[in-house]
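These are the residues of each chain, in order.
There are 2 protein chains.
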Amino acid sequence: MANPNPALVALVSQAGDRAAETPVSSLFIGRWSSRALTGEAIPDETLFALFEAARFAPSYMNSQPWRFAFARRGEPAFDRLAASLLPGNQIWAKEASALVLVASKAAFTPPGASEPILSPASSFDTGAAWASLALQASLLGWSTRAMAGFDKDKARAATGAPESLKLEAVIAIGKRGDPTLLPEERQPMEKPSPRKKMADIVFAGGFPPDC
Amino acid sequence: MANPNPALVALVSQAGDRAAETPVSSLFIGRWSSRALTGEAIPDETLFALFEAARFAPSYMNSQPWRFAFARRGEPAFDRLAASLLPGNQIWAKEASALVLVASKAAFTPPGASEPILSPASSFDTGAAWASLALQASLLGWSTRAMAGFDKDKARAATGAPESLKLEAVIAIGKRGDPTLLPEERQPMEKPSPRKKMADIVFAGGFPPDC
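If you read the protein sequences in the order shown, they are chains G and P.
Quick note on numbering: the first sequence equals residues 1 to 211 in this note's numbering.
Quick note on numbering: the second sequence equals residues 1 to 211 in this note's numbering.
Warning: the hint list may mix true and false statements.
No copy labels: a pair is met if it fits in one copy or bridges any two.
Straight-line Cα separation of at most 27 Å, DSSO-like style, residue types lysine-lysine; simulated pairs [as the list claims (entries may be wrong)]:
#	residue 1	residue 2
1	166	197
2	166	191
3	191	154
4	166	152
5	197	94
6	94	196
7	175	94
8	175	191
9	154	94
In case anyone wonders, no lab produced these hints; they're calculated from the structure.
Predicted model, so just to flag it, every value in this text is computed and none were measured.
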């Protein structure tokens, strides 16, 4: 950024239950994927700020492979999308303010080319767009949770997604609620998840054989 | 986040040459992938803050599929990794402060399971980790650029990456320099790239057939 804001840059070693090995912006360590959601309506300017963040993600040759179909709670498309989720996810995801089917399109036509080619990175790049969406949500006080466990045939039928799109995840967006909104056996899971050690994922010079 | 910082949340409609259709944090609209880099050394605390941000990305069943091998400019591993890039990328990437090979590992053992399973979202999730790394870099005043166009056999040999890892991208990390650091014909490209319209990537209720 041209003018990084000092408050943005401030690094922390702890956010809630999580500890960082190296200080990092609280934006990253403070975000987590909630299940207990209030179900309240999400304003347009909030929902579209999330998509806007995703829109500015980087991608292979600027191919921008990400595509999003959204539905708000109470709309028929929301119920169809919710019904594509695995039963364990439906329990809580029906209280989301919006559900979003995230898809990727590998085919794109580079500038100056006459024929489309396939990006080798369309899922990877769409994941970058998803993270941008999730972080913008967190900045605005909203929670997101992506689910890759869903019935792809049902989700494709629910949204009319053409075969050219690979279905990546369903995202639940909502305001974090009290854990008691969840069934009792799920309440203990309602907290930030732990992480592998840095030494298990980052290597100097090359990868060990068993990483 | 528990305590969003008002400065973080402030939304803008413009950052440099870029316009947003809906106001969005300048973090997203202000980040772009530079090629003109100064080659200066990157401090450990900066480099590891970037990996730390990646470490806290969300993932399928918290599988954390991302793996990173890094090398600093001047190290033999840096030259090996640079040599795996397509010639057009080598020209500028050799002036990076560090190069990072980003890989994903689909196999993981869920909590309580005895056998590993394959994540359906390992590339997608690793893309989320890459975006987190890129945004943390931007917050700290550093630039990143991911390249999916590289010789995978060379990169695998350069880093000893086991076959269990899918090689996703090589990331160049550096301080943005003057465009005149680049060959003359490349200097006009040294600016933020445009984006598709929101209406081309975001759809209410379902996808159109030609999206």
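Now the hints, each set against the structure:
| no. | hint | result |
| --- | --- | --- |
| 1 | 166 / 197 | between (32 Å within a copy, 20 Å between copies) |
| 2 | 166 / 191 | neither (30 Å within a copy, 30 Å between copies) |
| 3 | 191 / 154 | neither (30 Å within a copy, 42 Å between copies) |
| 4 | 166 / 152 | both (9 Å within a copy, 23 Å between copies) |
| 5 | 197 / 94 | neither (34 Å within a copy, 30 Å between copies) |
| 6 | 94 / 196 | neither (31 Å within a copy, 31 Å between copies) |
| 7 | 175 / 94 | within (13 Å within a copy, 45 Å between copies) |
| 8 | 175 / 191 | within (15 Å within a copy, 37 Å between copies) |
| 9 | 154 / 94 | within (16 Å within a copy, 47 Å between copies) |
Violated hints, in rising order: 2, 3, 5, 6; the structure is consistent with all others.
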